[in-house]
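Protein chains: 2
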Amino acid sequence: MSTVALDAFGADRGYAEVLAGARLAAADGIRIRLFGPPSELAEAGEGIEVCAAEEWITNEDEPVAAVRGRPSASVVLAARDVAEGSSDALVSAGSTGATMTASLFALKRLQGVQRPALAAVLPLPEKQVLLLDCGANVEVRAQHLIQFAYLGSSFVEAVLGVARPRVALLSVGEEQSKGTAEVVEAGQALASASGINFAGNAEGRDLPTGEFDVVVTDGFTGNIALKLLEGTAKVVGGAVRDAARSNPLSLAGGLLMRPALGKLRRQLAPDTTGGAILLGLRGVSVVAHGSSSAEGIANAVRLADRAVRERTVERTGEALERAGATRQGLRRPDGRDTQTR
Amino acid sequence: MSTVALDAFGADRGYAEVLAGARLAAADGIRIRLFGPPSELAEAGEGIEVCAAEEWITNEDEPVAAVRGRPSASVVLAARDVAEGSSDALVSAGSTGATMTASLFALKRLQGVQRPALAAVLPLPEKQVLLLDCGANVEVRAQHLIQFAYLGSSFVEAVLGVARPRVALLSVGEEQSKGTAEVVEAGQALASASGINFAGNAEGRDLPTGEFDVVVTDGFTGNIALKLLEGTAKVVGGAVRDAARSNPLSLAGGLLMRPALGKLRRQLAPDTTGGAILLGLRGVSVVAHGSSSAEGIANAVRLADRAVRERTVERTGEALERAGATRQGLRRPDGRDTQTR
Numbered sequence: 001m002s003t004v005a006l007d008a009f010g011a012d013r014g015y016a017e018v019l020a021g022a023r024l025a026a027a028d029g030i031r032i033r034l035f036g037p038p039s040e041l042a043e044a045g046e047g048i049e050v051c052a053a054e055e056w057i058t059n060e061d062e063p064v065a066a067v068r069g070r071p072s073a074s075v076v077l078a079a080r081d082v083a084e085g086s087s088d089a090l091v092s093a094g095s096t097g098a099t100m101t102a103s104l105f106a107l108k109r110l111q112g113v114q115r116p117a118l119a120a121v122l123p124l125p126e127k128q129v130l131l132l133d134c135g136a137n138v139e140v141r142a143q144h145l146i147q148f149a150y151l152g153s154s155f156v157e158a159v160l161g162v163a164r165p166r167v168a169l170l171s172v173g174e175e176q177s178k179g180t181a182e183v184v185e186a187g188q189a190l191a192s193a194s195g196i197n198f199a200g201n202a203e204g205r206d207l208p209t210g211e212f213d214v215v216v217t218d219g220f221t222g223n224i225a226l227k228l229l230e231g232t233a234k235v236v237g238g239a240v241r242d243a244a245r246s247n248p249l250s251l252a253g254g255l256l257m258r259p260a261l262g263k264l265r266r267q268l269a270p271d272t273t274g275g276a277i278l279l280g281l282r283g284v285s286v287v288a289h290g291s292s293s294a295e296g297i298a299n300a301v302r303l304a305d306r307a308v309r310e311r312t313v314e315r316t317g318e319a320l321e322r323a324g325a326t327r328q329g330l331r332r333p334d335g336r337d338t339q340t341r
Numbered sequence: 342m343s344t345v346a347l348d349a350f351g352a353d354r355g356y357a358e359v360l361a362g363a364r365l366a367a368a369d370g371i372r373i374r375l376f377g378p379p380s381e382l383a384e385a386g387e388g389i390e391v392c393a394a395e396e397w398i399t400n401e402d403e404p405v406a407a408v409r410g411r412p413s414a415s416v417v418l419a420a421r422d423v424a425e426g427s428s429d430a431l432v433s434a435g436s437t438g439a440t441m442t443a444s445l446f447a448l449k450r451l452q453g454v455q456r457p458a459l460a461a462v463l464p465l466p467e468k469q470v471l472l473l474d475c476g477a478n479v480e481v482r483a484q485h486l487i488q489f490a491y492l493g494s495s496f497v498e499a500v501l502g503v504a505r506p507r508v509a510l511l512s513v514g515e516e517q518s519k520g521t522a523e524v525v526e527a528g529q530a531l532a533s534a535s536g537i538n539f540a541g542n543a544e545g546r547d548l549p550t551g552e553f554d555v556v557v558t559d560g561f562t563g564n565i566a567l568k569l570l571e572g573t574a575k576v577v578g579g580a581v582r583d584a585a586r587s588n589p590l591s592l593a594g595g596l597l598m599r600p601a602l603g604k605l606r607r608q609l610a611p612d613t614t615g616g617a618i619l620l621g622l623r624g625v626s627v628v629a630h631g632s633s634s635a636e637g638i639a640n641a642v643r644l645a646d647r648a649v650r651e652r653t654v655e656r657t658g659e660a661l662e663r664a665g666a667t668r669q670g671l672r673r674p675d676g677r678d679t680q681t682r
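From first to last, the protein sequence lines stand for chains A and B.
Take the first sequence: its position 112, counting from 1, is numbered 112 in the working numbering, and each next residue is one higher.
Take the second sequence: its position 302, counting from 1, is numbered 643 in the working numbering, and each next residue is one higher.
Just so you know, the hints here were simulated from the structure itself, not pulled from any lab data.
Incorrect hints may have been included.
Now the stretches of chain B that chain A is said to cover, found in silico as 3 or more residues with beta-carbon under 8 Å [claimed, not checked]:
| no. | stretch |
| --- | --- |
| 1 | 381-393 |
| 2 | 468-482 |
| 3 | 548-555 |
| 4 | 562-575 |
| 5 | 584-592 |
| 6 | 603-613 |
Virtual Cβ for every residue (Gly too), placed ideally from N, Cα, C.
This is chain A alone, in the form it adopts within the complex:
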């Protein structure tokens, strides 16, 4: 088992929920270093070490300025803890921008990676689909999409255990000519690329079917798609509940179906998949949902632990190297990496 640096600040439900999540994960044997105010985290419990942090970065702060200007903010301390080797992975349910920035600054990018991407396993019944980028890069170029394809494919192979994952580009039609200029260019390059099982374009309707294992898009579209999928599942689930309450016969039916529907509800809950992982760094960093329950926090810690134990970072780096992905037009013509914004 690994050691996870967990940010106690910034979760919508407060310290108590993060602490409860830490206890659930610690009960699995994962060691936790919990960064937050000791006064709020007393008697944390076995396997949890409280590391004092009194400052934090909010959703309203501009991430880069805040991470630079507040070296003792909880997420900055936790990221440094990973960089210095005291922990193996970072987990935070606070500001996504701050977590990404602190991770990037402390953990650095993998060789040849221009833009780390936020990848999430979609909360779907009986399927595992990795969507990236879910919000790290609002605007991208074709070469970034190509690199996301390699990052996602490596992760799914290493952590989800899928051999030769089917990788698709999210677009507005199946034909390779459909989509923005960046999508069309990336599709042409991936169609003849080595070391990746590229399956063409996926449309919006293909995302929840599980036909593709990895779906690649820009961070604007991906963020909207992830939240829309979560929101739609919630609205439809609520409508099923309303339908059950619409008359006495339905109510009886709903009671009989409750165990089966409860299982489905858990599969569709955003908390189940444990949040999004930042791919392309020299370390493991997981962004948990801000609204995470204790179980959601625990699942984010478990995802980070699994990524460490499966040597995701090393295997992703090896896969990128093997595929020559760091050489296939993924650097600027002058050979320098571009700066991540």
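Chain A is fixed; fit chain B onto it per the hints.
Same frame as chain A, now just chain B:
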């Protein structure tokens, strides 16, 4: 009641399904002029006039070249029928690109409108949300987003009867600073614009809740969002069905809930809302789902009929004029309209 020019070609389920849909709509008193091969459309029935068309445009054809080069293709004839006043509106379940192009060429844009947008009422339980653009413009500038906001707001007010509809821009965060450069610029302009009830940014999760009446985005994101919402509802619906079959108690429960769940399934079916309408033209044009059932075709015809009877085109033009939307930076600085691609 109005007269609708209906394209008999291009629907996934063939002529018979389109004809069956035409009969359903004709039974409501809507007059149909059906453009297709007379041999396949014999004994069409009362209220349906078959207009001979033997050629058509497929999904594989490049729309602009095909519409220009095939003046006797069914969708081109049907669009011209509307332009010449023999019909009041166009409906096609064939190639979306061909339908949009034929409509644009024959019906022309409303004064001051640069880019017509494809708008769809989302298939949601108990809610009406209009999403645009759903695919007419893969890439847009800020001024196009602003104009889509006015087009959508006018349509929802005129046809759906919502007073002062709440209009939002789809983005990656609620804060006005979040999103692409185009979204941020459009948000700033709309925040101080007149004649529109602008409510800020909507996130993906807000789309299915009904919190906003009109959600504005580019055609790439909108197309993916619409299809993803339809796909997610279908997958979740299927999972509820599977849950009902997972054990005998659930099966009994599922039978008791069947009437209530059937109603929900109809609400979530893409066919229910009748397809997407092209806003910003001097005439009514509706793009039905390629996979439409007869009921889906009939609903698309009913949507076109309602748009004609509610004088959508005139009222949208008046609203744009009243709001000064055609003057608020919605033309190029040189005063010429930009070309729709």
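Against the structure, the hints:
1. 381-393: Coverage by chain A is violated for the stretch 381-393 of chain B (0 residues, Cβ < 8 Å).
2. 468-482: Check passed, 3 qualifying residues.
3. 548-555: Held - the stretch 548-555 of chain B has 3 residues with a Cβ nearer than 8 Å to chain A, which meets the minimum of three.
4. 562-575: With 13 residues close enough to chain A, the hint holds.
5. 584-592: holds (count 6)
6. 603-613: As far as the stretch 603-613 of chain B goes, the hint holds, because 4 residues have Cβ atoms under 8 Å from chain A.
Comparing the model with each earlier hint shows a violation of hint 1 alone; every other hint is respected.
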